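Trainee: Based on these hints, arrange chain Z on the given structure of chain S.
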Amino acid sequence: MKTPADKTVILTFYSHPMKDLSMRWKAQLTFPANADDETAALLAIVDGGGVAVPSGVFEFAGVRISVVDGAGKLRCGDFVRGKHNPSIWLHRPGRLPVPGALTFE
Amino acid sequence: MTDAEWLELVKKGEDEGWKLVWERVVEPESRSQRSSGIMHRNSLDASDLMGMLYEEMIGGGKINLFRGEGSLAGWLRRYVRGYILNSNPNTHGEMSIEGAFADGEGNCAAMELPVEDKQLISKEVWINTHYCFHDLWMKDPERAYIHLLKTRFHFSSEETKNFLDISSTANVDQIFSRNVKFMRESWKKHENRDHRKNI
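One line per chain: the protein sequences are S and Z, in this order. Under this note's numbering, the letters of the first sequence match residues 30 to 134, in that order. Under this note's numbering, the letters of the second sequence match residues 350 to 548, in that order.
Quick caveat, the hints were computed from the structure, so don't treat them as lab data. Quick caveat: nothing in here was measured; it's all calculated off a predicted structure. Any given hint could be a false lead.
Simulated crosslink set (BS3-like; lysine-lysine; CA at most 25 Å straight-line) [unchecked claim]:
#, chain 1, residue 1, chain 2, residue 2
1, Z, Lys411, S, Lys48
2, Z, Lys472, Z, Lys538
3, Z, Lys360, S, Lys36
4, S, Lys36, Z, Lys472
5, Z, Lys360, Z, Lys472
6, S, Lys36, Z, Lys538
7, Z, Lys488, Z, Lys537
8, Z, Lys472, S, Lys55
9, Z, Lys472, Z, Lys510
10, S, Lys102, S, Lys48
11, S, Lys55, Z, Lys488
12, Z, Lys472, S, Lys102
13, S, Lys55, S, Lys36
14, S, Lys31, Z, Lys510
15, Z, Lys411, S, Lys31
Pair by pair, the computed Cβ-Cβ distance ranges are [as the list claims (entries may be wrong)]:
#, chain 1, residue 1, chain 2, residue 2, range
16, Z, Asn520, S, Asp65, 18 to 28 Å
17, Z, Glu405, S, Leu71, 38 to 48 Å
18, S, Ala81, Z, Gly400, 33 to 43 Å
19, Z, Asn541, S, Thr41, 26 to 36 Å
20, Z, Glu365, S, Pro83, 17 to 27 Å
21, Z, Arg383, S, Lys31, 37 to 47 Å
22, S, Gln57, Z, Ser392, 34 to 44 Å
Built from N, CA and C at the ideal position, the CB exists for glycine as well.
Extracted from the complex, chain S is given alone in its bound form (with noise of 0.2 Å):
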């Protein structure tokens, strides 16, 4: 895996649809201009009023990735390693976990 010297690559994920609000979710995973296998794609994510989730598991790309004050890491070449795996899920505390995907934006 290589990122391009010149462009910085966000990905934007989506918990789906859901009546509950608090149970929404957005994640924004982050890819740096010149990343190879060794490097951290840097990992946010808010709940549905847009604040940080304190803490939880975020499963994706086959990887469950430490979130805590909303931010975790994944390795770049964990993330081409599972680009065939189209579960995601959020996992909170206390909570229910809820799925999500990829979003065209």
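Mentor: Just chain Z, lined up with the frame of chain S:
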């Protein structure tokens, strides 16, 4: 001048290349019977098209999507035509009713009022795009990544290949081409859905 030479000039934003864009694409299209009426109704003129084209091709990097299939003029002209067809009179320019006549009296053009809510249509198009993109994601996330990288981030095939560790640029192009077909099919499936209840 060959298409390849012309393409290079356009990519570099050279006056010579963009002069040909005006002469071969924008000006003829804006005078064509098919487009001139819509442009008139939606308060668009050829200089608007030229500005849009420059912004999209150079600013947005869309010129990199040209694969040399067919002529450059034909490809650009299709792009311009799509822009004209999707132009939105509710957001572009102003509609004057002072000089218009309701029934075309006095040898003047009849006043034409929009009969569709363009804002609502564009919202439905946007929602439909998300439905189709989600279908693509469920088919194979890698395909969705390729679609996103090439259309939203303006990645070249080489950059997409490196980002996702795909074996070759030809493979990237093949998958992208299949994605476009898939999205078209998916669109048919979703277009009859009543999106208004979701807005």
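Trainee: Hint by hint, note whether the structure agrees.
Mentor: Do the hints match the structure? See the list:
1. About 38 Å separates the Cα atoms of Lys411(Z) and Lys48(S), which puts this hinted pair outside 25 Å; it is violated.
2. Restraint check for Lys472(Z) and Lys538(Z): satisfied, since their Cα atoms lie roughly 17 Å apart, inside the 25 Å limit.
3. Between Lys360(Z) and Lys36(S) the alpha-carbon distance is near 18 Å, which keeps this suggested pair within the 25 Å criterion.
4. At most 25 Å may separate the alpha-carbon atoms for a hinted pair to count; Lys36(S) and Lys472(Z) exceed this at roughly 29 Å.
5. Between the alpha carbons of Lys360(Z) and Lys472(Z) the distance comes to roughly 32 Å, so the proposed pair goes past 25 Å and is violated.
6. With a C-alpha separation of about 35 Å, the suggested pair Lys36(S) and Lys538(Z) falls outside the 25 Å cut-off, and the hint is violated.
7. Distance check on the hinted pair: Lys488(Z) and Lys537(Z) sit about 17 Å apart at the alpha-carbon level, within 25 Å; holds.
8. As the CA atoms of Lys472(Z) and Lys55(S) are separated by approximately 21 Å, the hinted pair is consistent with the 25 Å bound.
9. Distance hint between Lys472(Z) and Lys510(Z) is unfulfilled; the C-alpha atoms sit about 32 Å from each other, more than 25 Å.
10. Of the pairs offered as hints, the one joining Lys102(S) and Lys48(S) is violated, with about 29 Å between alpha carbons and a cut-off of 25 Å exceeded.
11. This hinted pair checks out: Lys55(S) and Lys488(Z) have alpha carbons roughly 22 Å apart, not beyond 25 Å.
12. Between Lys472(Z) and Lys102(S) the CA atoms are separated by roughly 34 Å; this puts the pair beyond 25 Å, and the hint is violated.
13. Simply put, Lys55(S) and Lys36(S) have alpha-carbon atoms about 22 Å apart, close enough for the 25 Å limit, and the pair holds.
14. Between the alpha carbons of Lys31(S) and Lys510(Z) the distance comes to roughly 9 Å, so the proposed pair stays at or under 25 Å and holds.
15. Pair hint Lys411(Z) plus Lys31(S) holds up; C-alpha atoms about 22 Å apart against a cutoff of 25 Å.
16. Range check, Asn520(Z) to Asp65(S): about 21 Å between beta-carbon atoms, so the 18 to 28 Å window is met.
17. About 30 Å separates the C-beta atoms of Glu405(Z) and Leu71(S), a value inconsistent with the hinted range of 38 to 48 Å.
18. The supplied range of 33 to 43 Å is met by Ala81(S) and Gly400(Z), whose beta-carbon atoms lie about 40 Å from each other.
19. Taking the beta carbon of each, Asn541(Z) and Thr41(S) are about 28 Å apart, inside 26 to 36 Å as hinted.
20. One distance hint, 17 to 27 Å for the beta-carbon pair Glu365(Z) and Pro83(S), is violated here, with the actual separation near 58 Å.
21. At roughly 44 Å, the beta-carbon separation of Arg383(Z) and Lys31(S) lies within the given 37 to 47 Å, and the hint holds.
22. Between Gln57(S) and Ser392(Z) the beta carbon distance is about 37 Å. The supplied range of 34 to 44 Å therefore holds.
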